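Chains as they are written, first to last, in the numbering used here: chain A, 1 to 414; chain B, 415 to 828.
Derived from the structure by calculation, the hints contain no laboratory data.
Here the structure is a predicted model, which is why all the values come from computation and not from measurement.
Keep in mind that a hint or two might mislead.
Said to hold, decoys possible - Below are the SDA-like pairs computed for lysine to any residue, each with C-alpha atoms no more than 25 Å apart in a straight line:
# : chain 1 : residue 1 : chain 2 : residue 2
1 : B       : Lys442    : A       : Leu53
2 : A       : Lys110    : B       : Arg598
3 : A       : Lys127    : B       : Asn558
There are 2 protein chains.
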Amino acid sequence: MGLIVQKFGGTSVADAERIMAAAQRVVKTYQAGNKVVVVVSARGQTTDELIDLAYEVSDNPSTRELDMLLSTGEQVSIALVAMAIHALGYPAISFTGGQVGIITDSYHTKARIKNISTRRITEELNKGTIVIVAGFQGVDADYNITTLGRGGSDTTAVALAAIMKAERCDIFTDVNGIYTADPRLVPEARKLSRISYDEILELASMGAQVMQSRSIEFAKKYDVPIHVRSSFSDTEGTLICKEGKEMEDIVVSGVTVTKDEAKITIRGIPDRPGQAAIIFHELAKKNVNVDMIIQNTSANNLADVTFTVSKKDAKEALKTAEKIKEEIGAREVNSDSKIAKLSVVGIGMRGHCGVAEKMFSALAEEKINIQMISTSEIKISCVIDESHAERALRVVHHAFQLDKIPSANLVTHH
Amino acid sequence: MGLIVQKFGGTSVADAERIMAAAQRVVKTYQAGNKVVVVVSARGQTTDELIDLAYEVSDNPSTRELDMLLSTGEQVSIALVAMAIHALGYPAISFTGGQVGIITDSYHTKARIKNISTRRITEELNKGTIVIVAGFQGVDADYNITTLGRGGSDTTAVALAAIMKAERCDIFTDVNGIYTADPRLVPEARKLSRISYDEILELASMGAQVMQSRSIEFAKKYDVPIHVRSSFSDTEGTLICKEGKEMEDIVVSGVTVTKDEAKITIRGIPDRPGQAAIIFHELAKKNVNVDMIIQNTSANNLADVTFTVSKKDAKEALKTAEKIKEEIGAREVNSDSKIAKLSVVGIGMRGHCGVAEKMFSALAEEKINIQMISTSEIKISCVIDESHAERALRVVHHAFQLDKIPSANLVTHH
Chain A
1 MGLIVQKFGG
11 TSVADAERIM
21 AAAQRVVKTY
31 QAGNKVVVVV
41 SARGQTTDEL
51 IDLAYEVSDN
61 PSTRELDMLL
71 STGEQVSIAL
81 VAMAIHALGY
91 PAISFTGGQV
101 GIITDSYHTK
111 ARIKNISTRR
121 ITEELNKGTI
131 VIVAGFQGVD
141 ADYNITTLGR
151 GGSDTTAVAL
161 AAIMKAERCD
171 IFTDVNGIYT
181 ADPRLVPEAR
191 KLSRISYDEI
201 LELASMGAQV
211 MQSRSIEFAK
221 KYDVPIHVRS
231 SFSDTEGTLI
241 CKEGKEMEDI
251 VVSGVTVTKD
261 EAKITIRGIP
271 DRPGQAAIIF
281 HELAKKNVNV
291 DMIIQNTSAN
301 NLADVTFTVS
311 KKDAKEALKT
321 AEKIKEEIGA
331 REVNSDSKIA
341 KLSVVGIGMR
351 GHCGVAEKMF
361 SALAEEKINI
371 QMISTSEIKI
381 SCVIDESHAE
391 RALRVVHHAF
401 QLDKIPSANL
411 VTHH
Chain B
415 MGLIVQKFGG
425 TSVADAERIM
435 AAAQRVVKTY
445 QAGNKVVVVV
455 SARGQTTDEL
465 IDLAYEVSDN
475 PSTRELDMLL
485 STGEQVSIAL
495 VAMAIHALGY
505 PAISFTGGQV
515 GIITDSYHTK
525 ARIKNISTRR
535 ITEELNKGTI
545 VIVAGFQGVD
555 ADYNITTLGR
565 GGSDTTAVAL
575 AAIMKAERCD
585 IFTDVNGIYT
595 ADPRLVPEAR
605 KLSRISYDEI
615 LELASMGAQV
625 MQSRSIEFAK
635 KYDVPIHVRS
645 SFSDTEGTLI
655 CKEGKEMEDI
665 VVSGVTVTKD
675 EAKITIRGIP
685 DRPGQAAIIF
695 HELAKKNVNV
705 DMIIQNTSAN
715 NLADVTFTVS
725 KKDAKEALKT
735 AEKIKEEIGA
745 REVNSDSKIA
755 KLSVVGIGMR
765 GHCGVAEKMF
775 SALAEEKINI
785 QMISTSEIKI
795 SCVIDESHAE
805 RALRVVHHAF
815 QLDKIPSANL
825 VTHH
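Produce the entire structure from the sequences given, and follow the hints as far as they go.
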């Protein structure tokens, strides 16, 4: 008899009908002979509504009191899910994060789990009870209620699966699984049956719709297989797991495009040591997260540095770049927010050449100019003009034949 | 520096504006040099909305899960009140019932407080912090969340005031205080500046609009002065306290009328011992609460028993009475739900005669027939026809000159 952790997101428990549907899924897993721990998020828009309430009484609510407030969202959900399971005739009991001993540090609204006491959960599971745990929350050493930040319920689910040595952690959400590309942009995109932790981390911009990086990193560390699947259908989703031999034969797993970055270039930087350090030190001081960085030196001993930042940080980054330009005596600063970043990801590309070439050729054939390139061991990213984003995604998806079944999806070995 | 407990009911924290007003009251008390513990109820209709949610997923929700659900209402309120006090620039911290160690028994939805650990509250008060505690809730020995039933926030406030030896417990509500009669029915009704615990307990049907009997019993036991006052104005309310010498000079404190009872009569009961026991044992078995009981014997050795029950229990009571009639061989059963119960209450009537006479005369002058009479040491109740209820209330209020200042409000000593 195995233990399975099942997590239901906000849309999966938004109303009574969906709560009943979630309860039925849980019961089905229980009836199959499994012990089941259920982790639930706040219903639908509850968290946003609670935040609105807070800002009605305070411009700057204390994070401790925000956690006190927000944690009620999940508490409502767990009680309702337990009642729904009872209504189906099965034993269930709900617990807050504090009640099952999810102990965190004291960084309110972004706490990290330090320890989980499994005594109470194990006791109930051994009695044959389905255990419902509030996601997103814990308590610190003084029993102050804390929350785990965005995607916190996934973290709760994965952490419980890790510490309870669960067979699997099911993440029920509003998508069918992980696709080779966003199916809204690439109709022929194919659902992946498996993907590795590293790939899903690299596909962050795609994966972010499904799970936050933090919970995937946790799953990777403790080797918890995650099954991402739809709460609205019975079809199999995507298994996120550690890479297997067969996965390495698949060169590219997915393509993704994001338009949420802007590009800033500082031109004519005197080419002496330490200039890059100055630039990125100043940006870090302003809390600007830099993604891609490229630098090249022109003939007259002047360097150009280009980097991308998220669009929301672009204004601050530009201001900082202008200031740095003055300090280091660079020539000019340009910025462009009409860019897109196209990435191909695949653990298989480590063992294969020609991936970059195939990607660049596909773009060249379509006369799409590449502005920046950056690579990691399992990812190649190109910055292109924003207007080409969707077309570029489709041609690269097609070039790697990602709509075909995986065995056909190999580039030539060189 | 004294300690004052201030309790705000649901209407007093219904929206952001009222929460700010409540916060201002608390701060004013704090600025006056007091330590302040604030007890808060769920906002406005929150509890009813949560109950509706429960019944959407289950016809018969488990009481443990109901408590898990309902306790979130107060948790939302305490966070918002703490934020509001912060916004005014004062230190405040919110706690759930469990966090301040309000330990109850395990009777979910109607738990009783067994113990309160004051350590955490005292620590924060000594730091100069305003402490906000969620009303209505506690935890049992296993840290399951419990709720205290109707009026539970009052119980929390009074219990905290008792154990912390507070100077006073302020109950902020939507009425100005306790009146000699319901001001909606008797425009000349006068607000009482003081009333004894015993009187307010007898005036239950009037007092119920303000506080539940249970919290008043608690206040009486621990001698906690309660100041019932409006959260919408600065006028003094009514102090509920133990009776003083001066209070005994006031014969009658208030008059009240209620239409929520029905009368049932079993006629022609063979007059032998044990018949009354059979009747009220059967009613108790059906969970029917009986209020007034009168019995008299007619010439032919047959007795008539009349009793009143709350209107909601009338149908069940009538059915039971019919069954009893058959069993004991009584003649007939009548019922009448068009009745009103008029009561005068006052600790002073213990030392004075003529109260009953004055009440009966006032009704007789108005040709209002009295159907039943029942008396306690500090209360006289008459059952009359429902159609006379408001008129009877006014004439009796006038007869005892309750609109006049208390010193003029004495009946003749016999």
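Do the hints match the structure? See the list:
no., hint, verdict
1, B:Lys442 x A:Leu53, "24 Å, holds"
2, A:Lys110 x B:Arg598, "52 Å, violated"
3, A:Lys127 x B:Asn558, "17 Å, holds"
The structure does not agree with numbered hint 2 stated previously, though it agrees with all others.
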